[in-house]
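> Make the full structure from the sequences, and use the hints.
These protein sequence lines map, in sequence, to chains B, G, A and U.
Okay, so the first sequence: first residue is 3 according to the numbering used here, each after it adds one.
Okay, so the second sequence: first residue is 3 according to the numbering used here, each after it adds one.
Okay, so the third sequence: first residue is 3 according to the numbering used here, each after it adds one.
Okay, so the fourth sequence: first residue is 3 according to the numbering used here, each after it adds one.
Misleading hints may appear alongside valid ones.
Since the list gives no way to pick one copy over another, a pair counts as held whenever it fits inside one copy or between any two copies.
Under the rule of at most 25 Å between Cα atoms (straight-line distance), these lysine-lysine pairs were calculated in the DSS-like manner [as the list claims (entries may be wrong)]:
1) Lys294 <-> Lys404
2) Lys25 <-> Lys56
3) Lys402 <-> Lys25
4) Lys294 <-> Lys402
5) Lys123 <-> Lys182
6) Lys25 <-> Lys61
7) Lys182 <-> Lys122
8) Lys60 <-> Lys47
Just so you know, the hints here were simulated from the structure itself, not pulled from any lab data.
4 protein chains.
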Amino acid sequence: MDFDHSERAQHLMANLQRFMQDKVIPAESVYYEQLVHSNDWREWKVPPVMEELKAEAKKAGLWNLFLPDENYGAGLDNRDYAPLAEIMGRSFIAPEVFNCAAPDTGNAEVLYQYGSEGQKKQWLEPLLDGEIRSGFAMTEPAVASSDATNMEATCEVDGDEVVINGQKWWTSGAGDPRCKFLIFMGVTDPEADRHHRHSMVLVPMDAPGLKIIRMLPVFGHLDEPHGHAEIVFDNVRVPASNFIAGPGKGFEVAQGRLGPGRIHHCMRAIGAAEYALERLCQRALGRGAFGKPLANLGGNRDVIANCRMAIDQARLLTLKAAWALDKHGTFGAITDVSAIKVIAPNVLQMVVDAAVQIHGGEGVADPQLSRLMGMARVLRLADGPDEVHRGLVARLELGKYKPAR
Amino acid sequence: MDFDHSERAQHLMANLQRFMQDKVIPAESVYYEQLVHSNDWREWKVPPVMEELKAEAKKAGLWNLFLPDENYGAGLDNRDYAPLAEIMGRSFIAPEVFNCAAPDTGNAEVLYQYGSEGQKKQWLEPLLDGEIRSGFAMTEPAVASSDATNMEATCEVDGDEVVINGQKWWTSGAGDPRCKFLIFMGVTDPEADRHHRHSMVLVPMDAPGLKIIRMLPVFGHLDEPHGHAEIVFDNVRVPASNFIAGPGKGFEVAQGRLGPGRIHHCMRAIGAAEYALERLCQRALGRGAFGKPLANLGGNRDVIANCRMAIDQARLLTLKAAWALDKHGTFGAITDVSAIKVIAPNVLQMVVDAAVQIHGGEGVADPQLSRLMGMARVLRLADGPDEVHRGLVARLELGKYKPAR
Amino acid sequence: MDFDHSERAQHLMANLQRFMQDKVIPAESVYYEQLVHSNDWREWKVPPVMEELKAEAKKAGLWNLFLPDENYGAGLDNRDYAPLAEIMGRSFIAPEVFNCAAPDTGNAEVLYQYGSEGQKKQWLEPLLDGEIRSGFAMTEPAVASSDATNMEATCEVDGDEVVINGQKWWTSGAGDPRCKFLIFMGVTDPEADRHHRHSMVLVPMDAPGLKIIRMLPVFGHLDEPHGHAEIVFDNVRVPASNFIAGPGKGFEVAQGRLGPGRIHHCMRAIGAAEYALERLCQRALGRGAFGKPLANLGGNRDVIANCRMAIDQARLLTLKAAWALDKHGTFGAITDVSAIKVIAPNVLQMVVDAAVQIHGGEGVADPQLSRLMGMARVLRLADGPDEVHRGLVARLELGKYKPAR
Amino acid sequence: MDFDHSERAQHLMANLQRFMQDKVIPAESVYYEQLVHSNDWREWKVPPVMEELKAEAKKAGLWNLFLPDENYGAGLDNRDYAPLAEIMGRSFIAPEVFNCAAPDTGNAEVLYQYGSEGQKKQWLEPLLDGEIRSGFAMTEPAVASSDATNMEATCEVDGDEVVINGQKWWTSGAGDPRCKFLIFMGVTDPEADRHHRHSMVLVPMDAPGLKIIRMLPVFGHLDEPHGHAEIVFDNVRVPASNFIAGPGKGFEVAQGRLGPGRIHHCMRAIGAAEYALERLCQRALGRGAFGKPLANLGGNRDVIANCRMAIDQARLLTLKAAWALDKHGTFGAITDVSAIKVIAPNVLQMVVDAAVQIHGGEGVADPQLSRLMGMARVLRLADGPDEVHRGLVARLELGKYKPAR
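Below, the structure written as structure tokens:
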């Protein structure tokens, strides 16, 4: 048992932290100033500073750190990438700087693992070069996505084409002007058995019949320049070669996508929680009332201790999940991955809420804390709500005793 | 002991509910469509539908229900107005419709109780007619407002004038084009004893030297057309007759303003929580996954029961606080008022969070639930953070045993 | 709306408080010294001081306060008795002193409401005189009693006799040497519809075939001299006239018994919580560390405030439930009664746990706090666990929207 | 980073688990049957089965596993012993079977690290042979022990003797007939600086002037045959050679004792929590109501998932604390050790409470669950209450930003 990160991870952590401190954090205010706010997503633009930062990150060797392949990416396994994701989690703009932002990371992993040579050439390479971005179209407005078998959109084979119909939403990133393709998941063969009905298909953003209806607000914000799109697919036709791993392989591909993505999200949430706790402590020491620093008033120290204890525990379980994924694969990490998917967002929500509270009126006006409030809340729903993951943890626990439902 | 509302309250509740159902709720979408969104508050306009609704409410006798005077208002005591405030709490636009919106209500109470005849004529009457609106300038950016003795802004007597200097923020409503005056609270005599240093002064919005610096965002929203202003007072001069109740009476006046205002806020929060629970239940019954309505999945029924129990308890304690205020005055209700100030916003936050959660992705995009998330969060800070009120409840509890600090 | 107790209730409260202070509290140590501890329940004896206190209480007119009939009892309705139950809740021995202890109170209500003249003569009168005590045999070891339809014990008609068979446990009070009869609930006609299968039957403790197997420990304590018995009924025969309200009326009778009993339990729990909070505050002020009273350390004031707020809310909802029961009957109070059945025991557990914590090592050794820990824990299970009552509250809430399951 | 235990630890874990399954668990009922219950601690006897089990454990090489020295003990470091402590935590009698029970373990560590050759010969060796047992006398009834500087008992040098005076309580194990000595901590030089005032002294149980006043109840139980003694030291005289590490070294010695002891306690608590969760799950699957297993009712699966997630997180942080202690020493593990001291007992309390709840009436009568309720509650106070450890975690957190108080 050893809780130290590998030498390579430690080396990258140091570099990344330095780059964050020297380049990313100072650029945050520039980024937000350059950002074009508009209710019309067609007017969105990527702040120029982002492309500058990306170029520097690439030069510094801090690029595609998430991809476990040495040729395509940094060749790190999950346990080594996890602490890097935590560091990136301290800034909303950081993941993109290092080409480690969702949903590109998940899409890249899918293409890397299951894509054909042609698909890699056409989509994976520009994605890994940071030239284009991508989206993932799975969730549907009409049905509870927590139950994947509810999915109603279709991608049916018609000769050497796939015909795509249906409505999706929460396709994050689809509003980005650089977004060039989506990975669409839908039903190909409703008669097949439960785990072979669905497929994943590559769909170019400019495919005829693909229409963005609107960008969904997150607590009233559109998250430009990325956006969360609601999209109608009306007889969209793409070549059958756009199936990823072939028709009917949707669940198999989805399975492999989930573990690492959840670890990334959770580690970033933990990094964000560390940031929020830092803000909390600074405020507790720097502001006074009734003749004392806030840190010495009421239960504020209990709040701080509870935050520290919650974060440290969440981090360890996430790291263990990463290690289990590396060592035992998806099914060996299944309880831990669902557990952290519940824990990390809830810890973040608790810490941010506490940070807002100690800031008083300034807390609800603070832009970073405001973004974190939204992020934390969304993470408790995205990629399976708390309820589904708690249910899975319980099912596996009960399964130790007898084959419970 | 009797838990039934008075006949008059019951009668007004029925009328109000009908008016809400027939007029206010259907007008909500109109209101939000008519609303001008702009980052420049000078461009804000009041949606015309609001003035139409106000005219109808006035005609229906549902006007100034908060004011306990029969001539100026409806002549209801706190316990009778409380259930009406709850009903208004179901809609963000409702309080204004009935001329019962903060901070006008508190300002009107102050003027009604402590204002001179001239002040009443000039400011109270148009306020109660719904012709103008007002603001309250107490909180300051530089110091923790939870400790009122921290206040640094000044309103000094200079001959027959008052000279006002300092910086305030969270002056809600100051961005409304109809806002014509503020009640400003500041230090008049720093040498006086702790409770006679401060004064309240009426300041017209167009007084030279009064400058709005910016509107503060609440989780990124400006809450147009009202806004939460940060204001600089730079040698603002008003006649000494603008003191409310005279110089040095700031604390005395503030004292009387607090109890009813907190009850209004809490009852509205409870009404909002009922709305959120209604949404939660409708979703729980109307949406399914894994072959069952959400209501039958996991711990959702526990969530619903916990919400119901929390709301019902919060309501009763708020009603008791209202009754105690009527019967025993501010000091007879002091524990209860601080208790509900902690409880009601926290209950609201819990219920809204649960309502968002059961709505999944739709929850974070829903405009009403989004507004409620912000409202709940702000209420835990506005008018004294949880911590200050918990501290007061504890101090009074310990005080039963011996004169603890 | 009026939160003051009636004059009669206030008068009795004052008398009761005085009697508690002057007689009951000073007698507690005597009682526990006189108590015979033995693992063999046949050796248990009632401490003589109890009969002396009962005689004094009877003389003082503080007797059978729970019974809403003026001839048999004090003639108080639920809302007037509730604050008296709270006062009694401050001492474990108090309810018996005033002949207001469970399960006698519930049994007396049943006999008063549904008993024949003969049954009243034979069992109710000596019970109300404090000469005998009684038990209630409903819960069964083999099945989850939260679902009453699980019940397996039988009371079948055989000519003019009832033949009773089965096993019961948690028949509290059956170890008391004065316990002379049980009310037994069992299945009479398994073919009848769901609510007419069960009957209640009076069974003398000395009926042949009734055998106490053991006294159940509560966290290792036998609660002498009352005890919680596990009892086998082996062909016990009693006259058919021992049916209460006739065969098949078990559910109807049970229904009426539940509301008031739950209010008594909850109000006593609230009284116990007040006692625990008093202990907590006294310790917080009387003990120091690090140069300060404990009250000024860490989050202790938050703990105190949270206790106060929880108790006050729980009390109000319990009082409202009592009032609703008086005014609208069992079904008009059903949500409130289930809600308080969850809330009050949980509040008590929280407050006692906090009181133990602030006492440090002394807390776990303190006999009163130890008894309260057990009482709180048991109350969350007795008479329906939290889960069942939360479930009922949720079902009723959802039922407002459509006829949910 | 590696979450697998070392090969040696895994080997011992397997052996220990087998021994637990084959020998210890089956002997539990025998142990409790042989146990002599008496309110007079002088009558207590050790159940003979214990000495039989000890002999077998010694033979099986499962002996003194806690001691990191290869000659005196098993030579395991903290991280390797931790999972063994967890396994022992599943049975109350197990730690003693393997000669790994508190307070002997802490006392042995102290003597091993700081004892003279003579002290080792006389006290450590028979202790490690399992021939004698020991106690630790630090906590005092009159002062809050959470603040060690409060300590009032004295051990003053008088020529070549130490004179001991004062009153101690919670000296656990002092009622055991095999208990032959105490380690006493008291003030030697009140004038010395804060960390050099106190000393530790070896005191034979039969020293004249040492008098056991009473055994303290833990929720009414005396925990025979060990007991928690309140002891008066009235001019007890022992040779000055009985000082451990010399006079004034009390804090230094205490420091080193704390880390490992807390890890042992926490890992045992985690093992106990696993046992309780196992009971909970078995009940959830094995008992039904309303036509379903309890596992499928209400929020029971959420309860199970929350328990699993809390236990897994607590275990990882405890293991990390053990690893940090091994690698970086006491001060390198200080935050983690205080954090787990809060977390593990609270997790245990939560899980046991949930296990009791799902067992219904059987839960409060179950002897193992009852003992666990007491153990969990005591652990939140023993060796520093939650509050002190939370305070330390917060102080260290704030200390990262500036030298806070």
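> None of the hints should be skipped; say for each whether it holds.
Comparing the hints with the structure gives:
1. Lys294 <-> Lys404: Classified as between: cross-chain Cα gap 15 Å, same-chain 57 Å, threshold 25 Å.
2. Lys25 <-> Lys56: The answer is within: 10 Å in one copy meets 25 Å, while 54 Å across copies does not.
3. Lys402 <-> Lys25: between (49 Å within a copy, 23 Å between copies)
4. Lys294 <-> Lys402: between (53 Å within a copy, 19 Å between copies)
5. Lys123 <-> Lys182: within (14 Å within a copy, 65 Å between copies)
6. Lys25 <-> Lys61: Within one copy only: 13 Å inside, 62 Å across.
7. Lys182 <-> Lys122: within (14 Å within a copy, 64 Å between copies)
8. Lys60 <-> Lys47: Answer is within; shortest intra-copy Cα gap is 22 Å, inter-copy 48 Å.
Of the numbered hints given earlier, the model fails none.
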